[in-house]
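Enquirer: Chains as they are written, first to last, in my numbering: chain P, 1 to 209; chain Y, 1001 to 1347; chain C, 2001 to 2167.
Because the hints were derived from the structure by calculation, they are not lab data. Built from N, CA and C at the ideal position, the CB exists for glycine as well. Be a bit skeptical, because a hint or two may be false.
[Stated by the list, open to error] Residues of chain Y clear of chain C, computed beta-carbon distances all greater than 10 Å:
{"hint": "1", "residue": "Q1060"}
{"hint": "2", "residue": "E1072"}
{"hint": "3", "residue": "F1218"}
{"hint": "4", "residue": "Q1241"}
{"hint": "5", "residue": "S1280"}
{"hint": "6", "residue": "W1312"}
[Stated by the list, open to error] Label pairs and their in silico Cβ distance ranges:
{"hint": "7", "chain 1": "P", "residue 1": "Q37", "chain 2": "Y", "residue 2": "E1236", "range": "26 to 32 Å"}
{"hint": "8", "chain 1": "Y", "residue 1": "I1107", "chain 2": "C", "residue 2": "T2113", "range": "39 to 45 Å"}
{"hint": "9", "chain 1": "Y", "residue 1": "G1288", "chain 2": "P", "residue 2": "V20", "range": "38 to 44 Å"}
{"hint": "10", "chain 1": "P", "residue 1": "H28", "chain 2": "C", "residue 2": "A2146", "range": "52 to 58 Å"}
{"hint": "11", "chain 1": "P", "residue 1": "G21", "chain 2": "Y", "residue 2": "V1319", "range": "17 to 23 Å"}
{"hint": "12", "chain 1": "C", "residue 1": "L2151", "chain 2": "Y", "residue 2": "V1336", "range": "17 to 23 Å"}
Each chain, letter by letter, is given below.
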Amino acid sequence: MSAIKTYFYNIYHSLLTVIVGMRITIKHIFTRSATIQYPTVKMKIPERGRNRLFVNIDDCIGCDQCAIACPVDCITIETIKSTPDMDLGITSKKTKKRLYIPCFDIDIAKCCYCGLCVWPCPTECIVMTDVYEFAEYDRQNLIYSFSNMTTEEITAAQDRLEKYNEEQAAKKAAATVAVKESPASSTSASPVTPPPIKPAPPTVEPNQG
Amino acid sequence: MEFIQTLLANQVLVSILLSALPLVFIVLMVLVVLYTEMKVAAHIQDRVAYMRTGWHGVLQPIADMLKLLQKEDIIPTKSDKLLFRTAPFIAFTGTYVAYAVLPFSSIYIGSNINLGAFFLVAAGSFVVIGILMAGWASNNKWSLIGGIRSASQMISYEIPTALAVIIVVMITGSLNLQDVTKFQDGGMGNWIVFGGPLPWMQKLMLMPFTLVTFFILFVASIAEVNRTPFDFPEAESELVQGFNTEYSGMRFAMFYLSEYANLFTVSAVVVSLFLGGWSSPFGTFMSGPLWGIFWFVVKAYMFMLIQIWIRWTLPRLRVDQLMFVSWKVLTPWLFVCILGVGLILVL
Amino acid sequence: MELYTIIFYFFTVITLGSTCIVVFSRNIVRAAFALLFAFFGVAGIYIFLLADFIAVTQLLIYVGGIMVLILFSVMLTSHQINVDAKTGVIQTLPAILISACIGGGLVWVFWITDWKVNSQLPIVETTAPKIGEMLLTKYLLPFEVASVILLVALIGAAMIARREKKV
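Model the full assembly from the supplied sequences, consistent with the hints where possible.
Expert: Structure representation (structure tokens):
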């Protein structure tokens, strides 16, 4: 008896559930769609949304903290020390700039939009903007260069630094006859940040502090 | 027909031309149904589907078709190449022959044979062979399982379909679909789903049986065209794409076309057996040969809409449930209906 | 050329060609599929013999039912798929004798039959009502016996396939 009961109950129940399901779906046909027509209609980006990085290079002091913080090493910064006679101006936070920044590259293709580079910046010059449409046909175009120094300026800065270093070395040599203090000063003419992925070369650049 | 015959003066050419006529209909109909299916599916899921090609994306099915035509025809190296190439054509032939007996209007029917309803049931079996052949020739486990599932499913559901057809034949006394439709002519009340044009006492007694039969035929027809909740042959989550996993380009398009053409066929069968075919639901109002085509297509389209609606509502059954539904629910209930209808008609 | 003649020869070619494949093919699945076309061609020829009911039944039962069963059994017995069907000659003399007997019988039947040309036959609208009447009046007993046998086979198959409960 119970088997027959289950049989009829199953038929009744399956019909009922089908009708319930179909009522739900037909209701959804007439509700407003949740999607928007993206390229023509755009969603509002949250105020603190993390998208494309932007660097206000005028405020950058070349401290390299953002590059250190970056978990995927997508930021490459090169710096050249300025000589005491040069004045590089001050940032908007009233910090004195001491380093030339010949290279400030962000490989946005590697960027994971974590925003970790934004927090350590002492001058708040690296920020995340609300731009999210920056597809490119060539991957090379995704490496953004923020440095505004021309090649001439870079070589000039390097030359000045070299000259200054030599002068200092000569002074020191004059003062302390025997020992040379900074053996690496000559190589500092081309200061290079260690390559991001490979382990750093054994000789540490003195001007990287 | 005589007009074209005198125009071309060649019997062979005329017959080829006339038999190609439903093909044009199928292609147009498939475009419309594809569009409807995508739109309904999207709106059920609170999306909007195509919007960019033409007004609300109406040109998208054409774009899809052009894309399919351009695609490379890939044939697996280790497949049985001859069978692999033939299978889509057999599947499509199976669906196409069914169009020969569909009564589109009181003046247009491909072949007014006296066994129309029976022939329709038989023609469906050809699709099974095509699918089985595709599944085996692909030399792929999923394809083979899909093909075998399809065959067992379609064979099982052919029995409820045939029994439901028998009930209609018992009432109308003819297997000719044109006669069946004429029998129901003259308004909604005369449709077989509401008991047919019989004395009202008999009609009232018949109505529960015909309603159940109608419903069962509808369920069986969904299973016959392998659509969700009975889409076992191409269960994406289990079998990749089932029997058409290895197919691409035009050969895949043939299966696709066959699937949607079949969808129309089963809807048309339900319509012409139970819902008056080409006859107008308002008696003599809006009836005539041309209105006939209109009503026939509109009724079938309504059915396709319901099938699409069901497809995007219900999940897939289990294989054992599939067999349970066919053999232990639909078939016995139809036997009861046959008994009931027979008794009422005799008494 | 008359259209019907073309169609007739079309069906003949299909039937003969696919039966040849059935006999000579080494691939058993291909042979099974060729058998399908043979059935289909025979169904076409039935229509030319004005036996429309038989033709459609042939499609439904042989193509839709029996063919699928044959294909099932061929595909599901995995050893059979890759084994070449033997087509060599094993026993020449008995084979020749049996073939000659069957062939002779067919030719004899062919000669003694009083062939009626299409135009001599009365045009029958459909054979289905006649067949139905005959089955339920004149041939009721064979019909019932056949159905009882089928029922017995059905119950037997169900019994064999049935899962044993509680051992």
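Enquirer: Taking 38 to 44 Å as the stated bounds, is the beta-carbon spacing between G1288 (chain Y) and V20 (chain P) within them?
Expert: holds, 41 Å
Enquirer: Just want to verify: W1312 (chain Y) was marked as not at the interface with chain C; is every Cβ pair farther apart than 10 Å?
Expert: Non-interface label on W1312 (chain Y) holds, nearest chain C Cβ at 30 Å vs cutoff 10 Å.
Enquirer: Quick one: work out the minimum CB distance from Q1060 (chain Y) to chain C and report holds if it exceeds 10 Å, violated otherwise.
Expert: Correct as stated: the minimum Cβ-Cβ distance to chain C is 36 Å, above 10 Å.
Enquirer: Verify that the Cβ of E1072 (chain Y) lies farther than 10 Å from every Cβ atom of chain C, and report whether the claim holds or is violated.
Expert: holds, 26 Å
Enquirer: Falls inside 52 to 58 Å, the C-beta gap from H28 (chain P) to A2146 (chain C)?
Expert: About 53 Å separates the Cβ atoms of H28 (chain P) and A2146 (chain C), which means 52 to 58 Å holds.
Enquirer: Note whether the CB distance of L2151 (chain C) and V1336 (chain Y) lies within 17 to 23 Å or breaks it.
Expert: Since L2151 (chain C) and V1336 (chain Y) have Cβ atoms about 18 Å apart, the given range 17 to 23 Å holds.
Enquirer: Does S1280 (chain Y) sit more than 10 Å from chain C, CB to CB?
Expert: Non-interface label stands for S1280 (chain Y): nearest chain C Cβ at 28 Å, farther than 10 Å.
Enquirer: For the range 26 to 32 Å, tell me whether the beta carbons of Q37 (chain P) and E1236 (chain Y) fit it or not.
Expert: Cβ of Q37 (chain P) to Cβ of E1236 (chain Y): about 28 Å, so the range 26 to 32 Å holds.
Enquirer: Given a hint of 17 to 23 Å, does the C-beta separation of G21 (chain P) and V1319 (chain Y) actually sit inside it?
Expert: Holds, since G21 (chain P) and V1319 (chain Y) (Cβ atoms, about 21 Å apart) stay within the stated range.
Enquirer: A cut-off of 10 Å on Cβ-Cβ distance, and F1218 (chain Y) was said to be off the interface with chain C. Does that hold?
Expert: Given that every Cβ of chain C is farther than 10 Å from that of F1218 (chain Y), nearest at about 21 Å, it holds.
Enquirer: Checking the smallest CB distance to chain C, is Q1241 (chain Y) really beyond 10 Å?
Expert: holds, 19 Å
Enquirer: Is 39 to 45 Å right for how far apart the beta carbons of I1107 (chain Y) and T2113 (chain C) are?
Expert: holds, 42 Å
In this structure, every one of the numbered hints holds.
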